[in-house]
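Trainee: Here's the letter readout for the chains.
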Amino acid sequence: MAYSGKVIDHYENPRNVGTLDKNDPSVGTGLVGAPACGDVMRLQLKVSEAGIIEDAKFKTFGCGSAIASSSLVTEWVKGKSIDEAGQIRNTDIAKELSLPPVKIHCSVLAEDAIKAAIEDFRKKRDEKRNHRDTEKQSSDEEEKKRVTA
Amino acid sequence: MKLPIYMDNHATTAVDPRVVEAMLPYFTDDFGNAASRNHAFGWKAEEACDYAREQIAALIGASEKEIVFTSGATESDNLAIKGAAEFYKEKGRHVVTTKIEHKAVLDSCHRLLREGWEVTFVDVGRDGRVSAEAIARAIRPDTTVVSVMFVNNEVGTVQPIAEIGKVCKEKGVIFHSDAVQGVGKLPFNVDEMKVDLVSMSAHKMYGPKGVGALYVRRKNPRVRLQPLIDGGGHERGLRSGTLNVPAIVGFGKACEIARAEMATEAARLVGLRERLRKKIFENVDEVYVNGSLEHRLPGNLNVSFSYVEGEALLMALKEVAVSSGSACTSASLEPSYVLRALGVEEELAHTSIRFGIGRFNTEEEIDFVANLVEEKVKRLREMSPLYEMAREGIDLKKISWAAH
Chain S
180 MAYSGKVIDH YENPRNVGTL DKNDPSVGTG LVGAPACGDV MRLQLKVSEA
230 GIIEDAKFKT FGCGSAIASS SLVTEWVKGK SIDEAGQIRN TDIAKELSLP
280 PVKIHCSVLA EDAIKAAIED FRKKRDEKRN HRDTEKQSSD EEEKKRVTA
Chain C
4 MKLPIYMDNH ATTAVDPRVV EAMLPYFTDD FGNAASRNHA FGWKAEEACD
54 YAREQIAALI GASEKEIVFT SGATESDNLA IKGAAEFYKE KGRHVVTTKI
104 EHKAVLDSCH RLLREGWEVT FVDVGRDGRV SAEAIARAIR PDTTVVSVMF
154 VNNEVGTVQP IAEIGKVCKE KGVIFHSDAV QGVGKLPFNV DEMKVDLVSM
204 SAHKMYGPKG VGALYVRRKN PRVRLQPLID GGGHERGLRS GTLNVPAIVG
254 FGKACEIARA EMATEAARLV GLRERLRKKI FENVDEVYVN GSLEHRLPGN
304 LNVSFSYVEG EALLMALKEV AVSSGSACTS ASLEPSYVLR ALGVEEELAH
354 TSIRFGIGRF NTEEEIDFVA NLVEEKVKRL REMSPLYEMA REGIDLKKIS
404 WAAH
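In order, the protein sequences belong to chains S and C. Residues in the first sequence are numbered consecutively from 180, following our numbering. Residues in the second sequence are numbered consecutively from 4, following our numbering.
Possibly wrong hints are sitting among the right ones.
To be verified - Below, a list of computed lysine-lysine pairs in the DSBU-like style, where the Cα atoms sit at most 30 Å apart:
{"no.": "1", "chain 1": "C", "residue 1": "172", "chain 2": "S", "residue 2": "201"}
{"no.": "2", "chain 1": "S", "residue 1": "315", "chain 2": "S", "residue 2": "274"}
{"no.": "3", "chain 1": "S", "residue 1": "294", "chain 2": "C", "residue 2": "68"}
{"no.": "4", "chain 1": "S", "residue 1": "201", "chain 2": "C", "residue 2": "92"}
{"no.": "5", "chain 1": "S", "residue 1": "302", "chain 2": "C", "residue 2": "47"}
{"no.": "6", "chain 1": "C", "residue 1": "379", "chain 2": "C", "residue 2": "321"}
{"no.": "7", "chain 1": "S", "residue 1": "257", "chain 2": "C", "residue 2": "379"}
{"no.": "8", "chain 1": "C", "residue 1": "400", "chain 2": "S", "residue 2": "236"}
{"no.": "9", "chain 1": "S", "residue 1": "225", "chain 2": "C", "residue 2": "381"}
{"no.": "10", "chain 1": "C", "residue 1": "47", "chain 2": "C", "residue 2": "68"}
{"no.": "11", "chain 1": "C", "residue 1": "400", "chain 2": "S", "residue 2": "225"}
{"no.": "12", "chain 1": "C", "residue 1": "400", "chain 2": "S", "residue 2": "201"}
{"no.": "13", "chain 1": "S", "residue 1": "236", "chain 2": "S", "residue 2": "315"}
{"no.": "14", "chain 1": "C", "residue 1": "102", "chain 2": "C", "residue 2": "5"}
{"no.": "15", "chain 1": "C", "residue 1": "321", "chain 2": "S", "residue 2": "236"}
{"no.": "16", "chain 1": "C", "residue 1": "92", "chain 2": "C", "residue 2": "172"}
{"no.": "17", "chain 1": "S", "residue 1": "303", "chain 2": "C", "residue 2": "102"}
{"no.": "18", "chain 1": "S", "residue 1": "236", "chain 2": "C", "residue 2": "381"}
{"no.": "19", "chain 1": "C", "residue 1": "401", "chain 2": "S", "residue 2": "236"}
{"no.": "20", "chain 1": "C", "residue 1": "401", "chain 2": "S", "residue 2": "307"}
{"no.": "21", "chain 1": "S", "residue 1": "201", "chain 2": "C", "residue 2": "47"}
As the list claims (entries may be wrong) - Non-contacting residues of chain C with respect to chain S, defined by C-beta distances greater than 12 Å in every case (computed):
{"no.": "22", "residue": "96"}
{"no.": "23", "residue": "119"}
{"no.": "24", "residue": "230"}
{"no.": "25", "residue": "232"}
{"no.": "26", "residue": "243"}
{"no.": "27", "residue": "263"}
{"no.": "28", "residue": "267"}
{"no.": "29", "residue": "281"}
{"no.": "30", "residue": "310"}
{"no.": "31", "residue": "384"}
{"no.": "32", "residue": "385"}
If you are wondering where the hints come from, they were derived from the structure by calculation, not from laboratory data. All residues carry an ideal CB built from backbone N, CA and C; glycine is no exception.
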């Protein structure tokens with residue numbers, strides 16, 4: 180299969196390959212695809228307090244188009260807010276890389292990976308907030324008890 | 004050493020220079036139509052074709068009268084299976100074959116299915132071989148044709164043709180073998196193996212593309228076929244069409260060379276194959292050979308490199324022409340049906356690479372390829388989330404992956 184120059188460039192010089200600490204509360208991890216289908220993408224986003232994506236890393240098991248799609252989205256999401264990143268569509272990826280029809284699913288997977296990473300980050304953030312709220316609530320109650328006493 | 008390196012000799016082979024040389028006069032000086040009975044040009048062409056028939060027949064222990072020229076092995080498979088099934092349909096309408104045949108055989112069988120025949124597709128073992136017992140069990144009173152390949156084109160496994168031939172003889176059914184990948188590389192004898200129909204192709208054995216042959220047994224039993232192509236009655240009415248004389252001459256020469264050099268060439272190719280295999284296995288972990296190593300074509304090595312998708316590896320090995328069983332190299336997005344028939348897990352089927360070593364490969368090329376494979380597999384594993392997870396001790400089979 181003949182690939183576009185951009186696919187070959189991303190495949191040969193992939194951007195942002197690597198791993199972020201998945202236990203870091205500011206990191207969202209998206210793992211999508213399946214080994215039996217021949218492609219698995221892992222996209223990790225590090226998000227600032229203000230909700231801006233400061234860093235992005237990926238690792239991909241898949242064909243050249245899958246690797247290129249994930250490499251491309253790490254470039255695209257950096258500096259965007261998580262809401263903006265969530266707007267990236269597979270059609271944008273497919274167009275940028277001139278993916279042939281049989282490779283469109285690679286771009287779909289990359290879009291799914293962004294969504295999954297954002298979802299993971301939001302879940303962690305909400306858990307953290309709830310946790311903080313519960314802590315606050317319990318200390319308020321204790322305060323109240325003391326006052327009543 | 005010249006780049007790129009060709010190591011895909013199951014797909015096709017370069018034409019041997021000795022073959023080219025034999026062919027050349029038949030394009031320009033001796034260009035006659037072998038069916039022209041009334042002048043010297045025709046006689047010369049016919050003579051050349053008859054000589055090629057002898058060379059081809061000698062390679063498989065047949066008589067020259069039993070060789071029918073075709074356009075290639077796909078046509079030979081079609082003619083053998085559909086032609087025999089059609090001719091013997093009064094006797095029964097059941098055909099037996101295996102799950103790892105070439106598409107030319109499988110799709111001929113599917114055509115018969117659509118036209119009212121029944122077909123049994125026999126399973127193979129993890130070693131990529133079908134047993135004669137399994138074939139015997141599949142044969143019914145209404146079975147007319149059994150078709151089992153000699154050597155598989157993906158995993159290179161050699162099938163027990165002589166044992167299956169014996170079964171077919173006992174049960175009185177026609178036995179066809181697609182011997183494209185094995186003839187000229189391993190000994191093959193139609194009488195010892197009790198085969199009735201044999202498909203062959205020139206371009207898999209250093210001959211030209213566009214020519215093949217079907218061996219059709221003439222005695223014990225005399226096999227009859229319904230022709231697929233009607234016309235001028237060439238090839239005793241079994242395959243009409245003007246003979247491709249230069250290609251046929253080349254095919255004959257290729258068979259002659261193969262017959263003379265088979266033993267030394269096979270030994271050399273096994274040596275190269277084992278050199279490649281050992282180097283890869285010494286330097287890369289979690290690699291698996293698909294199919295039996297013992298019953299295998301000398302030049303074939305089919306390996307799965309865990310955690311590295313096959314097409315990505317092909318891209319990385321751009322200086323080397325090899326092929327993959329990965330879905331991404333096929334239009335269907337399905338991984339190799341051959342590997343799946345062997346029971347290779349889908350995730351491993353996606354990571355397979357087929358090396359097809361041939362007559363013109365050198366030790367230097369083998370070493371280059373082995374080093375390149377090691378380097379590129381390591382690079383891609385560094386990019387593979389699966390490799391990282393496996394290293395962390397995560398059982399990938401226990402993760403609930405979302406199929407897509």
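Trainee: Give a verdict on every hint.
Mentor: Hints, verified against the model:
Taking the CA atoms of residue 172 of chain C and residue 201 of chain S, the gap is near 65 Å; set against the 30 Å cutoff, the hint is violated. With a C-alpha separation of about 49 Å, the suggested pair residue 315 of chain S and residue 274 of chain S falls outside the 30 Å cut-off, and the hint is violated. For the hint pairing residue 294 of chain S with residue 68 of chain C, the CA-to-CA distance comes to about 68 Å; that exceeds 30 Å, so the pair is violated. Distance restraint check for residue 201 of chain S and residue 92 of chain C: the Cα-Cα separation of roughly 66 Å exceeds the 30 Å cut-off, and the hinted pair is therefore not satisfied.
Between residue 302 of chain S and residue 47 of chain C the alpha-carbon distance is near 83 Å, which puts this suggested pair outside the 30 Å criterion. Restraint check for residue 379 of chain C and residue 321 of chain C: satisfied, since their Cα atoms lie roughly 11 Å apart, inside the 30 Å limit. As the CA atoms of residue 257 of chain S and residue 379 of chain C are separated by approximately 28 Å, the hinted pair is consistent with the 30 Å bound. Only pairs whose Cα atoms come within 30 Å are accepted, and residue 400 of chain C paired with residue 236 of chain S is accepted, the gap being roughly 24 Å.
Proximity of residue 225 of chain S to residue 381 of chain C is assessed by CA-CA distance (about 27 Å); at most 30 Å being required, the pair is judged to hold. Taken as a hint, the residue 47 of chain C and residue 68 of chain C pair is honoured in the structure, with Cα atoms around 18 Å apart against an allowance of 30 Å. Proximity of residue 400 of chain C to residue 225 of chain S is assessed by CA-CA distance (about 28 Å); at most 30 Å being required, the pair is judged to hold. Distance restraint check for residue 400 of chain C and residue 201 of chain S: the Cα-Cα separation of roughly 21 Å lies within the 30 Å cut-off, and the hinted pair is therefore satisfied.
This hinted pair does not check out: residue 236 of chain S and residue 315 of chain S have alpha carbons roughly 35 Å apart, beyond 30 Å. With a CA separation close to 38 Å, the supplied pair residue 102 of chain C and residue 5 of chain C exceeds the 30 Å bound. A C-alpha spacing of about 26 Å is found between residue 321 of chain C and residue 236 of chain S, which places the hinted pair at or below 30 Å, so the restraint holds. Restraint check: the Cα-Cα separation between residue 92 of chain C and residue 172 of chain C comes to about 19 Å, which is no more than 30 Å; the hinted pair holds.
A threshold of 30 Å between alpha carbons decides the hint, and for residue 303 of chain S with residue 102 of chain C the separation of about 49 Å lies outside it, so the pair is violated. For the suggested pair residue 236 of chain S and residue 381 of chain C, the alpha carbons sit about 19 Å apart, so the restraint of at most 30 Å is met. Simply put, residue 401 of chain C and residue 236 of chain S have alpha-carbon atoms about 24 Å apart, close enough for the 30 Å limit, and the pair holds. The suggested pairing of residue 401 of chain C with residue 307 of chain S holds, with an alpha-carbon distance near 28 Å, which does not exceed 30 Å.
Restraint check for residue 201 of chain S and residue 47 of chain C: the C-alpha separation of about 78 Å exceeds 30 Å, so the hint is violated. Residue placement check: residue 96 of chain C keeps its beta carbon more than 12 Å from all beta carbons of chain S (closest about 37 Å). Distance check for residue 119 of chain C against chain S: the nearest CB is about 35 Å away, which clears 12 Å, and the non-interface claim stands. Distance to chain S confirms residue 230 of chain C as a non-interface residue, since its nearest Cβ pair spans about 38 Å, more than 12 Å.
No Cβ of chain S approaches the Cβ of residue 232 of chain C within 12 Å, the least distance being about 34 Å, so the stated non-interface status holds. Here residue 243 of chain C stays apart from chain S, with its beta-carbon at least about 38 Å from theirs, past the 12 Å limit. Every C-beta of chain S lies more than 12 Å from that of residue 263 of chain C, the closest at about 40 Å, which supports listing it as non-interface. With a least beta-carbon separation of about 38 Å from chain S, residue 267 of chain C lies farther than 12 Å from that chain, consistent with its non-interface assignment.
Distance to chain S confirms residue 281 of chain C as a non-interface residue, since its nearest Cβ pair spans about 26 Å, more than 12 Å. For residue 310 of chain C, the requirement that its beta carbon stay farther than 12 Å from each beta carbon of chain S is not met, with the minimum near 6 Å. With a minimum CB-CB distance of about 9 Å to chain S, residue 384 of chain C fails to clear the 12 Å threshold, and the non-interface call is violated. Distance to chain S contradicts residue 385 of chain C as a non-interface residue, since its nearest Cβ pair spans about 7 Å, not more than 12 Å.
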